[in-house]
Amino acid sequence: MESSDASGFHREGGYSTPGPNTWNIPSAAFPTPSNISLTPHYPNTLALWHNPHHIHPSPDSQDFRPQPQVPQRPPEQKRHKRTKSGCFTCRARRVKCDETRPICERCSKGKRECNFPPAPILKKDSRSNMKKSEKYPSIRESESEEASQNDASTGTQDSWKRDIQPRQMKETSKQSASTQRHQVQPLARRKIRQSSETGSSLVDTTCASPSSDITGLSTESPSPAACSDLDSHSLPPSTPSDLSVLTPDVTFFIAYRKQHINYHHYLLKSHAAKFLGDDMMSYAMGYEPLLYAVVAFSAYHYSIAHPNGKLYTFLQYYNKSVSLLLNSLRGGEKHNDAMLLTILQLAAFEELVGDWVNLIDHHQAAHRMLVDLYTPESINVDYFHRHILLWYTRYDVMAGLMSGNSMVLSREWYMADEEFSMQDSMVHPHDLNKKVMAWGARCRRFGMDMASLFAKITQGLITPEQFIEEKAIVDDALEELRQFLESMKDPRYLVLSYPHQQPLEPGDVFDPYVPGVIYGDELWDVNFCAMELITTTLLYKYQIGAILKNMDHSELCEMAKEQAQRIETLNRWPNCPEEMHLWFMSPLGMVVLLLPHDEEHIMWCRKKLARNEQLGYIYPPAMRMKLADFWKIPEVKNWWLPNDEGYPRIVQDIRAWTKERITDPRDTFREAVRDIKAVFGNMSLEDSSSPGTSPSVNSAVGLSPRQSPQDLRPR
Numbered sequence: 001m002e003s004s005d006a007s008g009f010h011r012e013g014g015y016s017t018p019g020p021n022t023w024n025i026p027s028a029a030f031p032t033p034s035n036i037s038l039t040p041h042y043p044n045t046l047a048l049w050h051n052p053h054h055i056h057p058s059p060d061s062q063d064f065r066p067q068p069q070v071p072q073r074p075p076e077q078k079r080h081k082r083t084k085s086g087c088f089t090c091r092a093r094r095v096k097c098d099e100t101r102p103i104c105e106r107c108s109k110g111k112r113e114c115n116f117p118p119a120p121i122l123k124k125d126s127r128s129n130m131k132k133s134e135k136y137p138s139i140r141e142s143e144s145e146e147a148s149q150n151d152a153s154t155g156t157q158d159s160w161k162r163d164i165q166p167r168q169m170k171e172t173s174k175q176s177a178s179t180q181r182h183q184v185q186p187l188a189r190r191k192i193r194q195s196s197e198t199g200s201s202l203v204d205t206t207c208a209s210p211s212s213d214i215t216g217l218s219t220e221s222p223s224p225a226a227c228s229d230l231d232s233h234s235l236p237p238s239t240p241s242d243l244s245v246l247t248p249d250v251t252f253f254i255a256y257r258k259q260h261i262n263y264h265h266y267l268l269k270s271h272a273a274k275f276l277g278d279d280m281m282s283y284a285m286g287y288e289p290l291l292y293a294v295v296a297f298s299a300y301h302y303s304i305a306h307p308n309g310k311l312y313t314f315l316q317y318y319n320k321s322v323s324l325l326l327n328s329l330r331g332g333e334k335h336n337d338a339m340l341l342t343i344l345q346l347a348a349f350e351e352l353v354g355d356w357v358n359l360i361d362h363h364q365a366a367h368r369m370l371v372d373l374y375t376p377e378s379i380n381v382d383y384f385h386r387h388i389l390l391w392y393t394r395y396d397v398m399a400g401l402m403s404g405n406s407m408v409l410s411r412e413w414y415m416a417d418e419e420f421s422m423q424d425s426m427v428h429p430h431d432l433n434k435k436v437m438a439w440g441a442r443c444r445r446f447g448m449d450m451a452s453l454f455a456k457i458t459q460g461l462i463t464p465e466q467f468i469e470e471k472a473i474v475d476d477a478l479e480e481l482r483q484f485l486e487s488m489k490d491p492r493y494l495v496l497s498y499p500h501q502q503p504l505e506p507g508d509v510f511d512p513y514v515p516g517v518i519y520g521d522e523l524w525d526v527n528f529c530a531m532e533l534i535t536t537t538l539l540y541k542y543q544i545g546a547i548l549k550n551m552d553h554s555e556l557c558e559m560a561k562e563q564a565q566r567i568e569t570l571n572r573w574p575n576c577p578e579e580m581h582l583w584f585m586s587p588l589g590m591v592v593l594l595l596p597h598d599e600e601h602i603m604w605c606r607k608k609l610a611r612n613e614q615l616g617y618i619y620p621p622a623m624r625m626k627l628a629d630f631w632k633i634p635e636v637k638n639w640w641l642p643n644d645e646g647y648p649r650i651v652q653d654i655r656a657w658t659k660e661r662i663t664d665p666r667d668t669f670r671e672a673v674r675d676i677k678a679v680f681g682n683m684s685l686e687d688s689s690s691p692g693t694s695p696s697v698n699s700a701v702g703l704s705p706r707q708s709p710q711d712l713r714p715r
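With the first letter of the sequence shown counted as 1, position 351 gets the number 351 in full-length UniProt numbering; the numbers rise by one all the way through.
Derived from the structure by calculation, the hints contain no laboratory data.
Hints may contain errors.
[Claimed, not checked] Derived CB-CB ranges, DEER-like:
(1) 419 - 479: 46 to 54 angstroms
(2) 555 - 460: 49 to 57 angstroms
(3) 638 - 558: 26 to 34 angstroms
(4) 459 - 625: 24 to 32 angstroms
(5) 308 - 562: 19 to 27 angstroms
(6) 108 - 501: 35 to 43 angstroms
(7) 506 - 427: 47 to 55 angstroms
(8) 638 - 100: 26 to 34 angstroms
(9) 505 - 625: 27 to 35 angstroms
(10) 375 - 649: 45 to 53 angstroms
(11) 429 - 513: 27 to 35 angstroms
(12) 600 - 419: 28 to 36 angstroms
All C-beta atoms in this analysis are idealised placements derived from N, C-alpha and C, irrespective of residue type, glycine included.
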């Protein structure tokens, strides 16, 4: 049996095995705080997917545990009227709770774990900053259970588009009818499997690496070329229990997701609202691993917003999702969209907690499943599958650019995506969403070409002369991307006045009320495309300047200021949802490196980075370490603001938990992603520039006619 490190990983790859009853949710929906420990009680079940040599335990081995049988439903007990404040254990056992705290009488006599629902979020809490009209979902009891379940299962797009943009989001009745058909068809064709009240049928603690399940492709899989709107591998292979047998806590977080989670939390644009809302939830209700991955994501954001949020609130569901996914893969089920969505949802979780090492594991697992199920042409058959590709390629581009490597997915996929998206936008010339999708596809293709160019020169795969030739081609592609964005702009929608304008304060470095900075109404999404273009251009020019040793610091600094001003303007726009700030994580990544290093600009950066972490986007430790050195402010290594101001306890716990999991990456690729070497590798730690300038570039990386390709490797 492989040895495990302190964080629960098997050193040779694969999942660590949860201990007995560690994640037996229905018996106690939320483990007691006294049982919480960052290491022993949270085994890392992250997908170390890429170990094809992992040997599954045999029936004779000590680690073998047979698949638990689904127990028969016990005879109905006499039901007592339950209160809304009873403990979760009594609710699951369908018995009356006397509500004695901290341990009720029944749990005390039966020596069971006793856990009460978390207190509701106080509306006055500055961290939640909820609108007065918003209410957190309640777990309805007894007489209203059926209504609660129906509410949780009925998804609408309102919650996914209620971020109150300056334009009114519209959905046609035709789209709504299509959504309903999409939800009903898969569920009607699948067999409902009842779960036991103890939940033992939902959790298999047997540990195994799913790499062999993913790499061992079945020859009986349906042909990707035969893909249709809802073909055999598009349908979830099995269903969990219906909502009537889901535990109250799961029902709670499904309702919470419906009311409070939107595409901003996934760092995507508004055209993904239906995909993340209706479509994804219809698959989640038909596939247990995806259901618990979605619940974990919802519980994570609930814990972040809650003043007393705890790790176990979301980790228990994350662990259950991974365990069920392994069971599904090892059980021989054919790969399908529900499995792929589960892996992508788990990757989204990893990004938020700052674990880019294990995000790569999920990313590579998703790649193997993607190329198994589809071709570059068949994945573009419809809106739903194109968004699966969009979601995947976002991680593919990010991993390549952060590590200094080429993309995992081949170029033909990016080219086909761009071609399909461009054709679709031309067929619907007045549909802004289709134009934004097409622009995004072209931007991702440019990101792939940019990453490939930098990887080839730093790895010595091309000569300096070839680099200059290929750079000219990439330069042209960047100009095409800029011109495409210009074609979407319309000066009639420029915001020229700000009736809501407030007086500026001494700490306001950027004026958020400059006319003509952002677009309103129908062109609201163009603002995010513009920010994405600036971020891409900054990264490209920064890397080119580092290689050619001709960086124009003043140009990059001005572009960073322009980006920062747009961030500030969007932040001040009335009624914009607070979670929109999460989307700024990528633009901020380059801005904080290139703004002047004076006290005012640094403090502006620190406040923005702190706000993102307070909202749930945890930056990797490498970023804090490097910025602390660049700014010469050691306290940034611990927290962004002075004296730990606004440093939530839940963020501290997440950081500590993540740190234990990323200390020993299994290869140089994961190490490069973790340390963001493609960006920070070129930054000089011994900056001799003045306090008001941006950091200099390490002169060790450069390009000259006398250099060999081997000399171009970053030191």
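Worksheet item: Among the hints numbered above, which are violated by the structure, and what are their numbers in rising order?
Response: Numbers 1, 2, 5, 6, 8 and 12 - these are the hints that the structure violates, sorted from lowest upward.
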